[in-house]
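A.B. asks: Just so you know, the sequences run in chain order A and B.
1 is the number of the first residue of the first sequence in the working numbering; add one for each residue after it.
272 is the number of the first residue of the second sequence in the working numbering; add one for each residue after it.
Hints in this document: simulated from the structure, not taken from any laboratory.
Note that this is a predicted model, so its numbers are computed, not measured.
For every residue, glycine included, the Cβ atom is placed at its ideal position computed from N, Cα and C.
Check before you lean on any hint, since a few could be wrong.
[What the hints assert, rightly or not] With a Cα cut of at most 20 Å, we get these calculated SDA-like pairs of lysine to any residue:
1) Lys164/A / Gly433/B
2) Lys164/A / Ser431/B
3) Lys299/B / Val104/A
4) Lys164/A / Ser424/B
5) Lys164/A / Lys299/B
6) Lys447/B / Leu158/A
7) Lys435/B / Leu172/A
8) Lys447/B / Phe157/A
9) Lys176/A / Phe428/B
10) Lys299/B / Gly100/A
11) Lys28/A / Gly433/B
12) Lys176/A / Ala421/B
13) Lys176/A / Lys299/B
14) Lys435/B / Ser160/A
15) Lys447/B / Ser153/A
16) Lys299/B / Ala280/B
17) Lys137/A / His82/A
18) Lys435/B / Leu158/A
19) Lys435/B / Glu171/A
20) Lys299/B / Arg108/A
21) Lys435/B / His82/A
22) Lys164/A / Phe428/B
23) Lys164/A / Ala321/B
24) Lys435/B / Ser153/A
25) Lys176/A / Ser424/B
26) Lys447/B / Gly151/A
27) Lys435/B / Arg163/A
[To be verified] Calculated Cβ distances over 10 Å to all of chain B for the following chain A residues:
28) Asp38
29) Asp49
30) Ala52
31) His80
32) Pro86
33) Lys95
34) Gly151
35) Gly161
36) Asn180
37) Ala221
38) Ala247
39) Asp250
40) Cys269
Chain by chain, the residues:
Protein chains: 2
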Amino acid sequence: MDFTTALQAAWKKNDSLLCVGLDPDPAKFPAALKDRGDAVLEFCRAIVDATADLVCAFKPQIAYFAAERAEDQLEALIRHIHDTHPGIPVILDAKRGDIGSTAVQYAREAFERYDADALTVNPYMGFDSVEPYLVHKGRGVIILCRTSNAGGSDLQFLESGGRKLYQHVAELVATKWNTNGQCALVVGATFPAELAEVRRIVGDMPLLVPGIGAQGGDIAAIVSAGRTAAGTGMMINSSRAILYAGAGEDFANAARQAAEETRDAINACRR
Amino acid sequence: MDFTTALQAAWKKNDSLLCVGLDPDPAKFPAALKDRGDAVLEFCRAIVDATADLVCAFKPQIAYFAAERAEDQLEALIRHIHDTHPGIPVILDAKRGDIGSTAVQYAREAFERYDADALTVNPYMGFDSVEPYLVHKGRGVIILCRTSNAGGSDLQFLESGGRKLYQHVAELVATKWNTNGQCALVVGATFPAELAEVRRIVGDMPLLVPGIGAQGGDIAAIVSAGRTAAGTGMMINSSRAILYAGAGEDFANAARQAAEETRDAINACRR
Chain A
1 MDFTTALQAA
11 WKKNDSLLCV
21 GLDPDPAKFP
31 AALKDRGDAV
41 LEFCRAIVDA
51 TADLVCAFKP
61 QIAYFAAERA
71 EDQLEALIRH
81 IHDTHPGIPV
91 ILDAKRGDIG
101 STAVQYAREA
111 FERYDADALT
121 VNPYMGFDSV
131 EPYLVHKGRG
141 VIILCRTSNA
151 GGSDLQFLES
161 GGRKLYQHVA
171 ELVATKWNTN
181 GQCALVVGAT
191 FPAELAEVRR
201 IVGDMPLLVP
211 GIGAQGGDIA
221 AIVSAGRTAA
231 GTGMMINSSR
241 AILYAGAGED
251 FANAARQAAE
261 ETRDAINACR
271 R
Chain B
272 MDFTTALQAA
282 WKKNDSLLCV
292 GLDPDPAKFP
302 AALKDRGDAV
312 LEFCRAIVDA
322 TADLVCAFKP
332 QIAYFAAERA
342 EDQLEALIRH
352 IHDTHPGIPV
362 ILDAKRGDIG
372 STAVQYAREA
382 FERYDADALT
392 VNPYMGFDSV
402 EPYLVHKGRG
412 VIILCRTSNA
422 GGSDLQFLES
432 GGRKLYQHVA
442 ELVATKWNTN
452 GQCALVVGAT
462 FPAELAEVRR
472 IVGDMPLLVP
482 GIGAQGGDIA
492 AIVSAGRTAA
502 GTGMMINSSR
512 AILYAGAGED
522 FANAARQAAE
532 ETRDAINACR
542 R
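One chain only, chain A, in its complex shape (with noise of 0.2 Å):
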């Protein structure tokens, strides 16, 4: 199934706009698990089979994996998802960004590798940077936008010829680089007048909108920001506060109880 097709199949079998951001830093674990080689597989497997009923994605940050030499476990983590909860998609979130030999290369790893349902990209080197992702038909290509830090608006803010960088990107996925529907957006939650402004340039065009949680991104806003006519088109995404939503044992209950909480409060302001 391809992601766009995945993702609508999951917002609706879920009533769930909520991802779930797979940020696993050891510290954070609860003390029986830390002491194990596969801790970062048995954490993440925890939560993801704790709230795959209460998600439209799921969306390991590849960075966590990196600093603890646990690529194998991330390959093992997306097989698990895969194979015990098809139909959810996994958005391995690596922000790549390269000339086209190398993008190449990046999304062998995306997609041949990690067999990952769409990956998020960075837009600074261009289209021809970006066209290597949309070869692989079928895959989500998740460009960045207008992101939820503060220093985003550095660049993301400079203004040229009326409108800022991130509407320039918008406009530019939506109209030129989004060739075969494969494109969507992150805008994070913190701006959710820029929210309003992506929406209003791309249409029906899928976002992923990390920054609640942690990041303090307000629900009500970004739902009325951010949602489609259908009361859709959003991955909101949420990290931190729900992977350690307990230190316990029973974490992964604490992640459901803080998963489900979160995807009713976005329920609750887009109906």
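Once you've looked at the hints, dock chain B against the given chain A.
C.D. replies: Below, chain B without anything else, positioned relative to chain A:
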């Protein structure tokens, strides 16, 4: 030794501005290496040992290793360079870019796991996405400015307040982000006019200049545009034209010859 000091010493000791990019593509390896489990490491090690006295830096491109599930071979390669050719800095080309908490993990990956002397970084997410790398004192942080690919112009040439985006990046890095002398910039060899403009903006800051060789940049034009008053200031990168100069068993000798010719061609222009 910190990155900038090591780079200056290597410029002088090897009388070279040449950086050899390590982009190992098994499809292009000589037949004798192809079936070895450690072919990626063996190929790169042979290139490194054949060219170490001709370069100012080595630049492994992580995408090629990640696509082959060869992170362990990348670790071993960088260890080999440090042990066998001390003083030659290693630039990990990974073009990272993410929010601060994730950048902390990428910095651990680059500077602790791989022990790279410098890392390439994408500026799109702004200063707070770059800062976690600068915390690693003495390590180089090489920020994308004007990239060598044609699509680089899609965003980097947008004009804001009379200056193009890449000029804004150069100014931000030179005046604000380079708090501790760790920063350098990526400026493609395919755009000598912009290289000259960046040199004008950043003074003597080191520039990583990819795009000669396979990408077609003109050596005389870029040396003229990018060198400092001291006749240095650049890491001029060539990857494919050196790695695959020969296809047979003598590939390392062929690489050495190509590296020597390239170094000499650069030197002929900077004297």
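A.B. asks: Now tell me if each hint is right for this structure.
C.D. replies: Okay, the hints, checked on the actual structure:
1. Lys164/A / Gly433/B: The given pair, whose Cα atoms are some 14 Å apart, holds under the 20 Å limit.
2. Lys164/A / Ser431/B: holds (9 Å)
3. Lys299/B / Val104/A: holds (15 Å)
4. Lys164/A / Ser424/B: Holds: Lys164/A and Ser424/B sit about 16 Å apart, inside 20 Å.
5. Lys164/A / Lys299/B: violated (43 Å)
6. Lys447/B / Leu158/A: holds (16 Å)
7. Lys435/B / Leu172/A: Holds, at roughly 17 Å.
8. Lys447/B / Phe157/A: Roughly 17 Å separates the two Cα atoms, so the pair holds.
9. Lys176/A / Phe428/B: holds (17 Å)
10. Lys299/B / Gly100/A: OK: Lys299/B and Gly100/A at ~17 Å, within 20 Å.
11. Lys28/A / Gly433/B: Outside the cut-off at roughly 48 Å; violated.
12. Lys176/A / Ala421/B: Given pair Lys176/A, Ala421/B holds - Cα atoms ~16 Å apart, limit 20 Å.
13. Lys176/A / Lys299/B: violated (34 Å)
14. Lys435/B / Ser160/A: Roughly 9 Å between the alpha carbons, so the hint for Lys435/B and Ser160/A holds.
15. Lys447/B / Ser153/A: Roughly 15 Å between the alpha carbons, so the hint for Lys447/B and Ser153/A holds.
16. Lys299/B / Ala280/B: violated (33 Å)
17. Lys137/A / His82/A: holds (18 Å)
18. Lys435/B / Leu158/A: Roughly 10 Å between the alpha carbons, so the hint for Lys435/B and Leu158/A holds.
19. Lys435/B / Glu171/A: holds (19 Å)
20. Lys299/B / Arg108/A: holds (17 Å)
21. Lys435/B / His82/A: violated (44 Å)
22. Lys164/A / Phe428/B: holds (14 Å)
23. Lys164/A / Ala321/B: Judged against 20 Å, a Cα distance of about 48 Å means the pair is violated.
24. Lys435/B / Ser153/A: It holds: about 16 Å lies between the C-alpha atoms, which stays within 20 Å.
25. Lys176/A / Ser424/B: holds (15 Å)
26. Lys447/B / Gly151/A: holds (13 Å)
27. Lys435/B / Arg163/A: With Cα atoms ~14 Å apart, Lys435/B and Arg163/A stay inside 20 Å; holds.
28. Asp38: holds (17 Å)
29. Asp49: holds (24 Å)
30. Ala52: holds (24 Å)
31. His80: holds (18 Å)
32. Pro86: holds (24 Å)
33. Lys95: violated (5 Å)
34. Gly151: Nearest chain B Cβ is 3 Å from Gly151/A, so the label is violated.
35. Gly161: Violated, since 8 Å does not exceed 10 Å.
36. Asn180: Nearest chain B Cβ is 18 Å from Asn180/A, so the label holds.
37. Ala221: holds (20 Å)
38. Ala247: holds (18 Å)
39. Asp250: holds (25 Å)
40. Cys269: Nearest chain B Cβ is 24 Å from Cys269/A, so the label holds.
Of the numbered hints listed earlier, those contradicted by the structure are 5, 11, 13, 16, 21, 23, 33, 34, 35.
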